[in-house]
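Participant: Take a look at the letters that make up each chain.
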Amino acid sequence: MKKQITVTINGTPHTVEVEPRMLLVHLIREKLSMTGTHIGCDTSSCGACTILINGKSAKSCTILAVQADGKEVTTVEGLATAEGLHPIQEGFKENHGLHCGFCTPGMMLRAVELLEKNPTPSEEEIRWGIAGNLCRCTGYNNIVKAIQYASAKMQGNELPSTEPEFV
Amino acid sequence: MIPEQFGYSAPSSLGEALSLLQEHGEDAKVLAGGHSLIPMMKLRFAAPTHLVDINNVPGMSYINEEDGKLKIGALAREVDLEDSELIRSKFPIFIDASKLIADPQVRNFGTVGGNIAHGDAANDHPAVMLALNAEVEITGPEGKRTVPIDEFFYGFYMTAVQQGEILTEISIPLPEGKFGCAYHKLERKVGDYATAGVAVALTVDESGTCTSAGIGLTNVNPVPLRASRSEEALVGSKLTDEDIARAAQFAAEDCSPSDDLRGDEDYKRHVVKVLTKRMIKKAIDRI
Ligand SMILES: Cc1cc2nc3c(=O)[nH]c(=O)nc-3n(C[C@H](O)[C@H](O)[C@H](O)COP(=O)(O)OP(=O)(O)OC[C@H]3O[C@@H](n4cnc5c(N)ncnc54)[C@H](O)[C@@H]3O)c2cc1C
Ligand code: FES
Ligand code: FES
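Protein chains in written order, with this note's numbering: chain W, 9 to 175; chain U, 838 to 1124.
Hints in this document: simulated from the structure, not taken from any laboratory. On a predicted model such as this, the values are computed, not experimentally measured, just so you know. A hint or two may mislead.
Below, computed lysine-lysine pairings styled on DSS-like, alpha-carbon distance capped at 30 Å [to be verified]: (1) W/10 with U/866; (2) U/879 with W/10; (3) W/11 with U/879; (4) U/927 with W/125; (5) W/125 with U/1026; (6) U/879 with W/39; (7) U/927 with U/981; (8) W/79 with U/866; (9) U/866 with W/39; (10) W/64 with U/927; (11) U/1015 with W/64; (12) W/125 with U/866.
The following label-pair restraints were derived from C-beta to C-beta distances [what the hints assert, rightly or not]: (13) U/993 with W/12: 18 to 26 Å; (14) U/1078 with W/170: 47 to 55 Å; (15) U/850 with W/136: 36 to 44 Å; (16) U/1096 with W/160: 45 to 53 Å; (17) W/21 with U/881: 40 to 48 Å.
A virtual CB, placed ideally from N, CA and C, is assigned to each residue, including glycine.
Build out the structure end to end from the sequences listed, making use of the hints.
Facilitator: Next up, the structure:
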């Protein structure tokens, strides 16, 4: 029953044998021990398991590992480079875009695709863009600011204020 | 949650996919976007013994205009609709619907073909397809056949797609003359299925008389429902407030919603009435 597949994760190809029923999130977390990708709801609703497959944001709890055969996957572990944090990581750090951090990897990967397709999104576009990611802590305002910060940074524009907002 | 065991193949041609379905028989299923099927398998509401993943079959994701029709390949994703200039300019009803389907991650995967092949009256594309008088192309071991959308939905999770067949294309006649269309659903929160949804497509002649009307309803009937009396109330009319109100009233009377967490029957009928009125007006505004 097992299938041999090759999935490239953050640039490294992994050839593994999996049962067809293994979910991609389980391959990443349990077989390959990259635990940055989280499981929140396990019912396709919360977005904590969001990764990129060939650049597209996807809920890895709703995709089979065999479906990722031959594909390029990016997880949160793949965001930072030798030069330092990815602009989206910096945005979350500078703007208090996280409290417990459970939703954060999924939020950031979703934001990466959002900014790839729409480099200068409006606040409304950001809020619609992260509609599939739930956060139980922050109230979202600082997440929106984090994404605006990353957008400015990636465009080389003046960075928005990171003063905390009390509402 | 982990699905029951199953076998898996990812063929690279339609012919191969059809033979695999044939070979694995009754409990084999097509896997498209997987965003209805995999959740059901995880909950073990579905337990196919073999999945035929059609995502590697090339040339099934197109959205184009051909022979006076809008043609949508079965593997076109929600996100492809949103990104299509053709859809944006001529069929904004698909943008209305797609924007309200789940969230961006789900829309990156869910296919238009899967959305209707799933045969769930809670999904949003069935009502849109009814309003637009779509035709569905189904390919089986014996070749292709075309089924009008009114003969497509049989019952709960049952459609005209038979065991061993693959839905390959949806085609929609390009409207003649002045045309407007709109869809909206009431949802409790982003990503929820519809409490009720209404799709409207209208054409009018030079004098402003309605020459054709298509109205489809989401999640207020065991199968996706065409609001026929409402359509009849509009055709030949000047689309006066009175005629629109009458059409909306008929839609509310002719559906059969069930009581559930999203609301009771009376409430849902009321939602249908309000949305039908609004969507007719929105379609008129877009003409
Ligand atoms: C969190 C969440 C929220 C959602 N909210 C909504 C919503 O608000 N509105 C909505 O409309 N949908 C919603 N969906 C469903 C989503 O749009 C699905 O993607 C869609 O219903 C099915 O498309 P799919 O390509 O994923 O099909 P799959 O899950 O791959 O398949 C569904 C069924 O159709 C069959 N099938 C698929 N394609 C074919 C084909 N070409 N030929 C023959 N059989 C085929 C499969 O065998 C299976 O039985 C939601 C899904 C999730 C996970
Ligand atoms: S764990 Fe995948 S969406 Fe919640
Ligand atoms: S920071 Fe805790 S869930 Fe978002």
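Participant: Tell me, in ascending order, the numbers of any earlier hints that this structure violates.
Facilitator: 11, 12, 13 and 17
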